[in-house]
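Protein chains in written order, with our numbering: chain R, 20 to 95; chain P, 20 to 95; chain Y, 20 to 95; chain C, 20 to 95; chain S, 20 to 95; chain Z, 20 to 95; chain U, 20 to 95.
Rather than coming from a laboratory, the hints here were simulated on the basis of the structure. Since this is a predicted model, take the numbers as computed values, not measurements. Hints may be right or wrong, so weigh each one.
Here are the simulated DSSO-like pairs of lysine-lysine, each with C-alpha atoms no more than 30 Å apart in a straight line [what the hints assert, rightly or not]:
#1 S:K24 <-> S:K38
#2 Y:K24 <-> P:K77
#3 Y:K53 <-> C:K79
#4 Z:K38 <-> R:K75
#5 C:K45 <-> P:K75
#6 R:K38 <-> Z:K38
#7 R:K79 <-> P:K79
Listed below are the residues making up each chain.
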Amino acid sequence: MSDSKITRPFDMLNNAINKQVLIQLKENVQIRGKLKAFDVHMNIVIEDAEEIIDGKMKTKYVETLVRGDNIVWITV
Amino acid sequence: MSDSKITRPFDMLNNAINKQVLIQLKENVQIRGKLKAFDVHMNIVIEDAEEIIDGKMKTKYVETLVRGDNIVWITV
Amino acid sequence: MSDSKITRPFDMLNNAINKQVLIQLKENVQIRGKLKAFDVHMNIVIEDAEEIIDGKMKTKYVETLVRGDNIVWITV
Amino acid sequence: MSDSKITRPFDMLNNAINKQVLIQLKENVQIRGKLKAFDVHMNIVIEDAEEIIDGKMKTKYVETLVRGDNIVWITV
Amino acid sequence: MSDSKITRPFDMLNNAINKQVLIQLKENVQIRGKLKAFDVHMNIVIEDAEEIIDGKMKTKYVETLVRGDNIVWITV
Amino acid sequence: MSDSKITRPFDMLNNAINKQVLIQLKENVQIRGKLKAFDVHMNIVIEDAEEIIDGKMKTKYVETLVRGDNIVWITV
Amino acid sequence: MSDSKITRPFDMLNNAINKQVLIQLKENVQIRGKLKAFDVHMNIVIEDAEEIIDGKMKTKYVETLVRGDNIVWITV
Chain R
20 MSDSKITRPF
30 DMLNNAINKQ
40 VLIQLKENVQ
50 IRGKLKAFDV
60 HMNIVIEDAE
70 EIIDGKMKTK
80 YVETLVRGDN
90 IVWITV
Chain P
20 MSDSKITRPF
30 DMLNNAINKQ
40 VLIQLKENVQ
50 IRGKLKAFDV
60 HMNIVIEDAE
70 EIIDGKMKTK
80 YVETLVRGDN
90 IVWITV
Chain Y
20 MSDSKITRPF
30 DMLNNAINKQ
40 VLIQLKENVQ
50 IRGKLKAFDV
60 HMNIVIEDAE
70 EIIDGKMKTK
80 YVETLVRGDN
90 IVWITV
Chain C
20 MSDSKITRPF
30 DMLNNAINKQ
40 VLIQLKENVQ
50 IRGKLKAFDV
60 HMNIVIEDAE
70 EIIDGKMKTK
80 YVETLVRGDN
90 IVWITV
Chain S
20 MSDSKITRPF
30 DMLNNAINKQ
40 VLIQLKENVQ
50 IRGKLKAFDV
60 HMNIVIEDAE
70 EIIDGKMKTK
80 YVETLVRGDN
90 IVWITV
Chain Z
20 MSDSKITRPF
30 DMLNNAINKQ
40 VLIQLKENVQ
50 IRGKLKAFDV
60 HMNIVIEDAE
70 EIIDGKMKTK
80 YVETLVRGDN
90 IVWITV
Chain U
20 MSDSKITRPF
30 DMLNNAINKQ
40 VLIQLKENVQ
50 IRGKLKAFDV
60 HMNIVIEDAE
70 EIIDGKMKTK
80 YVETLVRGDN
90 IVWITV
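My request is simple: use the sequences and hints to build the entire structure.
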């Protein structure tokens, strides 16, 4: 994914549209799935989302909107 | 619900009006019910709302306004 | 209360003026009473307010101004 | 105090100038005394202020400026 | 200190310039000393500052800049 | 890295582009890797990122976007 | 350091450029070193920075950018 040049942090999200991402939330919760949309507040829509708590897959959702201010990091 | 194209995160909420949603709040509280309204702060009105604490249904409300900054994620 | 059409979240508060509401604050405190006024920050004045802590009625106040950023949800 | 009409939350503070108020802060601290001044951030000056911790009067101050974002509610 | 009329909260700080103040921070820390300067964010410079933790004087500093958003209250 | 003159804090990040940095997050998590991009909110993209929890290397990621408001400090 | 007149809080930081400062962060962490740069958000660059945790020197860094909103106080 590092073949597209990144000059601003949100370029990384642009490059990751329709690809798998892993979102680290506060309090040891992660959301994994396909990145569908994001905005300047880092609000993010994930398709086929898996909620992972303390490293264990807990629930699957067709579509989840994650509020940006809960996000610690996003990785591709 | 993924048949409507989503290009911005709030499109997902627009598509979910009058449908069942599940809202994850901080501190392991969830609100489930029919999405009636939302605004840019992610303040949300839920009709026939069920409050779920630690996975157990606790109380039902005819109508609940959830303040946006308590929301972790919303799923459809 | 669902007979008035709600298109924005604050419409619910407008419809609830002079009616009983229940406000959930952070840390398991609730305020119950008659909604008298609110503003865009969700600051709210409650008349004949009862403070409920861990489900038990603790104190009554003639009039209480609740600061909006402590509110988790408001129900009617 | 409910004889003055309140249409906006800060009207309640206007009506309470030079009267006794009780301010609930986060973490079970209360400040009681005479309301002398407030601003739009809900910063408040209390004269003859008593600091009450876990329900017990702890200290008295001639004049205290309470920062608005620590306030949970104010009652008259 | 109550002989100067206060109509806005920051008037109290203006009246307290070059006088002793006590600042209550979050998590039971207090800063005591002479008020030298403040701004609209309630950032405050204290000269001959004493840091008091759980009621015990811990350290003295020639000059300390306290960041406004840590302040619970300031008393004179 | 101190051979480039720094007059504003973000100059340090500008000088560190394509170099190794260590980011201290809240709750004893660190991210180490090559700085690729940053913005005014201190959102930061790290390439070949290592997540270090309580001093132990936990996971490696090709590319991670760290949200600025979780950052305590960044060192070079 | 009190020989330069201070009328606004950031004057203290201006006077402290290239001098030793001690920064108190939240959760009992301190950063000590030479102040190189700061901005209006109180983001601060420290040269030859020592990280002090619970009063014990833990790590030294050539250059550290401290994010302003973690700062409780800064002393000279």
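Comparing the hints with the structure gives:
1. S:K24 <-> S:K38: This hinted pair holds, its Cα atoms lying about 17 Å apart.
2. Y:K24 <-> P:K77: It holds: about 27 Å lies between the C-alpha atoms, which stays within 30 Å.
3. Y:K53 <-> C:K79: violated (33 Å)
4. Z:K38 <-> R:K75: violated (34 Å)
5. C:K45 <-> P:K75: holds (28 Å)
6. R:K38 <-> Z:K38: At roughly 27 Å apart (the allowed maximum being 30 Å), K38 of chain Z and K38 of chain R satisfy the hint.
7. R:K79 <-> P:K79: holds (25 Å)
The structure fails hints 3 and 4 (numbered hints given earlier, in ascending order).
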